[in-house]
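Trainee: Residue-level listing of the chains:
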Amino acid sequence: MANEVVDLGRRRFLTTTTSVVGGVGVVAAVVPFIKSWEPSARAKAAGAPVTQSLKKIESGQQLIVAWRSLPVFIVNRTPSQLDALPKQDSRLVDPGSNGASADQQPKYAQNQTRSIKPEWLVMVGICTHLGCVPNYVGEMKPEPFDPNWQGGYYCPCHHSRYDMAGRVYQGVPAPKNMVIPPYHFVDDTTVQIGVDPQGAA
Amino acid sequence: MANVFSNIGEWVTDRAPGLMPVYRKHMTEYYAPKNFNIWYYFGSLALLVLVNQIVTGIFLTMNYDPSASGAFDSVQYIMRDVEWGWLIRYMHTTGASLFFVVIYLHMFRGIIYGSYQKPRELVWLLGMLIFLVLMAEAFMGYVLPWGNMSFWGAKVIVSLFGTIPVIGKDLVEWIMGDFLPADATLNRFFALHVIALPLVLLLLVVLHLAALHEVGSNNPDGVDVKHGPKGNRWDPTKPADGIPFHPYYTVKDLVGVGLFLAIAAFIIFFQPTFGGWFLEHDNSIPANNLVTPAQIKPVWYFTAFYAIVRMIPSALGTAVWGVLGMFGAIVLLFLMPWIDAGKVRSIRYRGTGFKVALTLFVLAFFGLMLIGTDSTAELIPMFFGANVDVTAIENLFGRVMVLIYFGFFVFLWLYTHLGWEKTKPVPERVTTHD
Ligand code: HEM
Ligand code: FES
Chain A
1 MANEVVDLGR
11 RRFLTTTTSV
21 VGGVGVVAAV
31 VPFIKSWEPS
41 ARAKAAGAPV
51 TQSLKKIESG
61 QQLIVAWRSL
71 PVFIVNRTPS
81 QLDALPKQDS
91 RLVDPGSNGA
101 SADQQPKYAQ
111 NQTRSIKPEW
121 LVMVGICTHL
131 GCVPNYVGEM
141 KPEPFDPNWQ
151 GGYYCPCHHS
161 RYDMAGRVYQ
171 GVPAPKNMVI
181 PPYHFVDDTT
191 VQIGVDPQGA
201 A
Chain B
1 MANVFSNIGE
11 WVTDRAPGLM
21 PVYRKHMTEY
31 YAPKNFNIWY
41 YFGSLALLVL
51 VNQIVTGIFL
61 TMNYDPSASG
71 AFDSVQYIMR
81 DVEWGWLIRY
91 MHTTGASLFF
101 VVIYLHMFRG
111 IIYGSYQKPR
121 ELVWLLGMLI
131 FLVLMAEAFM
141 GYVLPWGNMS
151 FWGAKVIVSL
161 FGTIPVIGKD
171 LVEWIMGDFL
181 PADATLNRFF
191 ALHVIALPLV
201 LLLLVVLHLA
211 ALHEVGSNNP
221 DGVDVKHGPK
231 GNRWDPTKPA
241 DGIPFHPYYT
251 VKDLVGVGLF
261 LAIAAFIIFF
271 QPTFGGWFLE
281 HDNSIPANNL
291 VTPAQIKPVW
301 YFTAFYAIVR
311 MIPSALGTAV
321 WGVLGMFGAI
331 VLLFLMPWID
341 AGKVRSIRYR
351 GTGFKVALTL
361 FVLAFFGLML
371 IGTDSTAELI
381 PMFFGANVDV
391 TAIENLFGRV
401 MVLIYFGFFV
411 FLWLYTHLGW
421 EKTKPVPERV
431 TTHD
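The listed protein sequences derive, respectively, from chains A and B.
Per UniProt numbering, the very first residue in the first sequence carries number 1; after that it's consecutive.
Per UniProt numbering, the very first residue in the second sequence carries number 1; after that it's consecutive.
Hints listed in this document are in silico derivations from the structure and should not be mistaken for laboratory results.
Each hint should be verified, as a subset may be incorrect.
Claimed, not checked - Capping the alpha-carbon separation at 20 Å, the derived lysine to aspartate or glutamate pairs in EDC-like fashion look like this:
id : chain 1 : residue 1 : chain 2 : residue 2
1  : B       : K252      : B       : E29
2  : A       : K35       : B       : D389
3  : A       : K107      : A       : E119
4  : B       : K34       : B       : E214
5  : B       : K25       : B       : D253
6  : A       : K35       : B       : E173
7  : A       : K35       : B       : D178
8  : B       : K238      : B       : D389
9  : A       : K117      : A       : E143
10 : A       : K35       : B       : D170
11 : A       : K56       : A       : E119
12 : B       : K169      : A       : E38
13 : A       : K141      : B       : E214
14 : A       : K141      : A       : D89
15 : B       : K25       : B       : D178
16 : B       : K169      : A       : D103
17 : A       : K55       : A       : D188
18 : A       : K87       : A       : E119
The structure displayed is predicted, hence computed values, not measured ones.
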């Protein structure tokens, strides 16, 4: 046009401000699309506590119940399975569940058996590696994956191994002990998963 | 009649005068080295499979139901009730496996002939991006039938992102749209599998070929025909060792297409599941969020990378190391043009060290596949007796394979950057010129 001198500073200013405002607009417009991927209100609604009778679970048996769509293992551990627990300590990543696995159980289950009552194991059956459901291999007999197997869990996905308290062995991909959910005993033969015992935080 | 066609041709050329020159540039006047061998079939075969996946995929979409409650049954419906549905599905599933056969061979060609080296780095990088997108595409397709392998495959793969410190857990929920793989997950994977990723893939393939045509193809001798003598039968200014892509290589590629289709048809009609290797038995059981299949492993083309995850133990309270190992194995392939500073391209003229290292690398890749396909779990008791600690032996073997896999890249860097490589003299022209 008639202007012979190009005002470079003014041009740069306008280019920059236009780019910045445009950029902010693009970022703002992307947010709803990213947000749309988050769990919807419907997905968040699920999750009531589950009550389960223990009467029919015999010694050495495991029952799987669904809680928040997750498998919860309820195991009636035998005395020999319980005896084997302390002997595993040297082969475990975090035998006392007070290191990397400190947050994997409520305080009232942070003990040798990782439970309220020694024989009853109540545990979320999800491998801490990449989330598969480990197989219950309760018998104490040589297994292809361990000639000294003392009972426990074997994950089919990447072959992580846990003992009868869900404590992870060394040298496997899973980093932590399996999660103990909040639970309490309603009476001697009934357990409720999803609610802490009274008085426990 | 002929008149009508030439009139239409003229009419179009008048209005789009740029079309014919583009056709000539990429087909009849694209001079490719005359010494292409069997390794050069796989690019055009990859294109063929891509077209097959898109066409069969579109027809599958017409009967598939992308919901957690309907997906499994709709696949059974396609197999049993839709006229020829079984053929369309088997073409798609067989195509997926053959895609990886073809791509792995195509990539291996790039390595033996140094096709990633200057000036073709961009061709290689775009190729690697294609490989990455293809893996995502294959994984999401695998989830769609919503069988029990689909479900747990989805859970494990998405959980890989959960190993990222701090943001991992939220990221996993964001990807799945739920706390488990669920309806939301299946819906979005469907959207990505049928439209988003195929569009990206097509775009990348166009760029891949555009980048290739800028610099021209490499060849089994690894010599630059563009820098060689000029003048051939068609054009005195073009490379003496080049021949027009069309009709010479289009016709050659058609021979490859014929062979390939014969093999593909044999599989589709006689061995559609390929003994559980192309389609896994456990995926004909509907998804069950409480039970992981006892024998779970990915489809064969992912098993080498899967084995790396399995071989690397947790440390410092995190499982991230195995995941880093797996992604690292792919990242290193991206970096090949810079890791390898070799002075010659083709394996024909490279030093012995390169040949030995590459052989070991290939063996390590197959060794990892043996682990990932659970073959070692069967072989070890056969060789060492039934009472051995199978896992201990498998871990030892696998960890050595992982070391060799990564060692290849370290060695190649040292070998070429420190000038240890003793190459053979490279001929002036391709060896088969007349
Ligand atoms: C959908 C997938 C792909 C398609 C359709 C495709 C297509 C092609 C075609 C048609 C060619 C020319 C013919 C040939 O050299 O065989 C080519 C060349 C090439 N591709 Fe691919 N490609 C794909 C994936 C890849 C991948 C994953 C890589 C490796 C990372 C790759 C690396 C290369 C290289 C380095 C060349 C040049 C080879 C040479 O000149 O020696 N491509 N591709
Ligand atoms: S998910 Fe259990 S070992 Fe990987």
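Trainee: Looking back at the hints listed earlier, which ones does the structure fail to meet?
Mentor: 2, 8, 9, 13 and 15
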